[in-house]
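What the sequence shown shows, in our numbering, is residues 1 to 305, in sequence order.
Careful, some of the hints might be misleading.
Computed Cβ-Cβ distance ranges for the label pairs, DEER-style [as the list claims (entries may be wrong)]:
1) GLN200 <-> GLU291: 31 to 37 Å
2) GLN114 <-> GLU153: 32 to 38 Å
3) GLY272 <-> GLU134: 27 to 33 Å
List of simulated lysine-lysine pairs, DSSO-like, C-alpha gap at most 27 Å [said to hold, decoys possible]:
4) LYS241 <-> LYS203
5) LYS241 <-> LYS207
6) LYS50 <-> LYS241
7) LYS207 <-> LYS51
Hints in this document: simulated from the structure, not taken from any laboratory.
Here the structure is a predicted model, which means the values were calculated and not measured.
For each residue, glycine too, the CB sits at the ideal point set by N, CA and C.
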Amino acid sequence: MRNKKNQHHIYLEGIDIMIECIASDMDGTLLNSRQEVSPANAEAIKLAQKKGIHFVVTTGRSYEEARLVLDPVGIDCTVIGLNGAEVRDEKGKLLKTSGLDPLTASQVADVFDQLGIYYEFFTNKGTYTEDYEENMDMLVNLFHTANPEVPVEEVRNYIEQRGIRRYVHNIRDTKDIFHDPSILFYKILAFNEDEQRLRQIGKHLEKDFPDIKVTSSGFRNIEINHVSAQKGIALKEYTEKHGLSMEKTMAIGDNLNDISMLERVGYPFAMGNAENEVLEICRYRTKRNDEDGVAKAIYRMLEMG
Numbered sequence: 001m002r003n004k005k006n007q008h009h010i011y012l013e014g015i016d017i018m019i020e021c022i023a024s025d026m027d028g029t030l031l032n033s034r035q036e037v038s039p040a041n042a043e044a045i046k047l048a049q050k051k052g053i054h055f056v057v058t059t060g061r062s063y064e065e066a067r068l069v070l071d072p073v074g075i076d077c078t079v080i081g082l083n084g085a086e087v088r089d090e091k092g093k094l095l096k097t098s099g100l101d102p103l104t105a106s107q108v109a110d111v112f113d114q115l116g117i118y119y120e121f122f123t124n125k126g127t128y129t130e131d132y133e134e135n136m137d138m139l140v141n142l143f144h145t146a147n148p149e150v151p152v153e154e155v156r157n158y159i160e161q162r163g164i165r166r167y168v169h170n171i172r173d174t175k176d177i178f179h180d181p182s183i184l185f186y187k188i189l190a191f192n193e194d195e196q197r198l199r200q201i202g203k204h205l206e207k208d209f210p211d212i213k214v215t216s217s218g219f220r221n222i223e224i225n226h227v228s229a230q231k232g233i234a235l236k237e238y239t240e241k242h243g244l245s246m247e248k249t250m251a252i253g254d255n256l257n258d259i260s261m262l263e264r265v266g267y268p269f270a271m272g273n274a275e276n277e278v279l280e281i282c283r284y285r286t287k288r289n290d291e292d293g294v295a296k297a298i299y300r301m302l303e304m305g
């Protein structure tokens with residue numbers, strides 16, 4: 001039975017609703033251009049939690065990478081990581097994994113090798129790459145895409161100073177990890193300067209491999225997960241487990257890997273810096289990530305700002 005204490009009455013455009021859950025993406029959404037959760041965003045989240053509203057982070061990052069920015073502001077919540085491939089509760093306990101079949105992962109990698117596309121594997125034992133410098137370029141691209149106003153060198157310095165690559169393993173041949181049965185393949189991230197070519201490759205991959213889902217978290221990259229590893233699917237499972245309603249859930253995002261959750265919730269919010277595909281499907285819009293857009297969306301729902 002649903003816990004009535006975890007329902008908070010609010011009014012939006014004349015409609016009486018009870019918001020039960022808030023889900024937020026990280027890069028380009030919850031995080032500002034300094035890759036931090038702003039004090040305003042943290043305060044709004046904690047206020048919502050204090051009112052009994054569930055808060056969930058949904059991100060393409062790993063759990064460890066997510067905690068690097070959540071811990072400094074003291075946000076404890078469930079993390080749907082790697083686009084839904086791994087779910088951990090507020091204490092870090094592993095709740096669910098949904099990985100790629102190793103054979104599928106190997107075959108997708110073969111396609112990228114044949115086409116000369118850089119890629120890396122995100123696994124339960126960290127990230128594996130054959131080119132450590134290319135990995136840095138890819139990370140810079142990811143961060144810079146979410147925050148184009150920040151100089152590239154500043155982004156590069158941030159990555160080095162924060163130790164974000166502590167979970168990256170540089171190996172001679174990534175195919176070697178397929179011999180380790182303890183490794184779970186959560187996600188493949190591919191990067192190329194030719195974005196249009198990359199998107200076409202992604203479309204062909206989805207046709208050739210029906211058990212994968214191809215999304216993107218920024219310009220010049222595509223992300224390959226198992227078809228069941230999607231933010232929207234994982235969020236729906238979370239709400240069902242806790243007796244909550246997706247119709248009374250709000251989600252906030254900015255990029256293509258957020259679409260699966262934005263399409264499923266009753267209150268989808270697009271960031272002011274969101275991609276056009278995201279803006280088109282969202283009923284509501286908030287400010288940019290450098291303007292405390294998450295906080296403003298939450299306060300709008302709570303009628304406090």
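Q) Straight-line Cα separation of LYS241 and LYS203 no greater than 27 Å? A) violated, 33 Å
Q | Hinted pair LYS50 and LYS241, Cα distance within 27 Å | A | Holds, at roughly 20 Å.
Q: Mind checking the alpha carbons of LYS207 and LYS51 for me, to see if they're no more than 27 Å apart?
A: violated, 45 Å
Q) Should the hint that GLY272 and GLU134 are 27 to 33 Å apart at their CB atoms be regarded as holding? A) holds, 31 Å
Q. Range hint 31 to 37 Å: satisfied by the CB atoms of GLN200 and GLU291?
A. Check passed, 34 Å falls within 31 to 37 Å.
Q: Given the hint of 32 to 38 Å, check if GLN114 and GLU153 actually sit that far apart at their C-beta atoms.
A: holds, 34 Å
Q) Is it true that the CA of LYS241 sits at most 27 Å from the CA of LYS207? A) violated, 32 Å
Going through the hint list in order, the structure does not satisfy hints 4, 5, 7.
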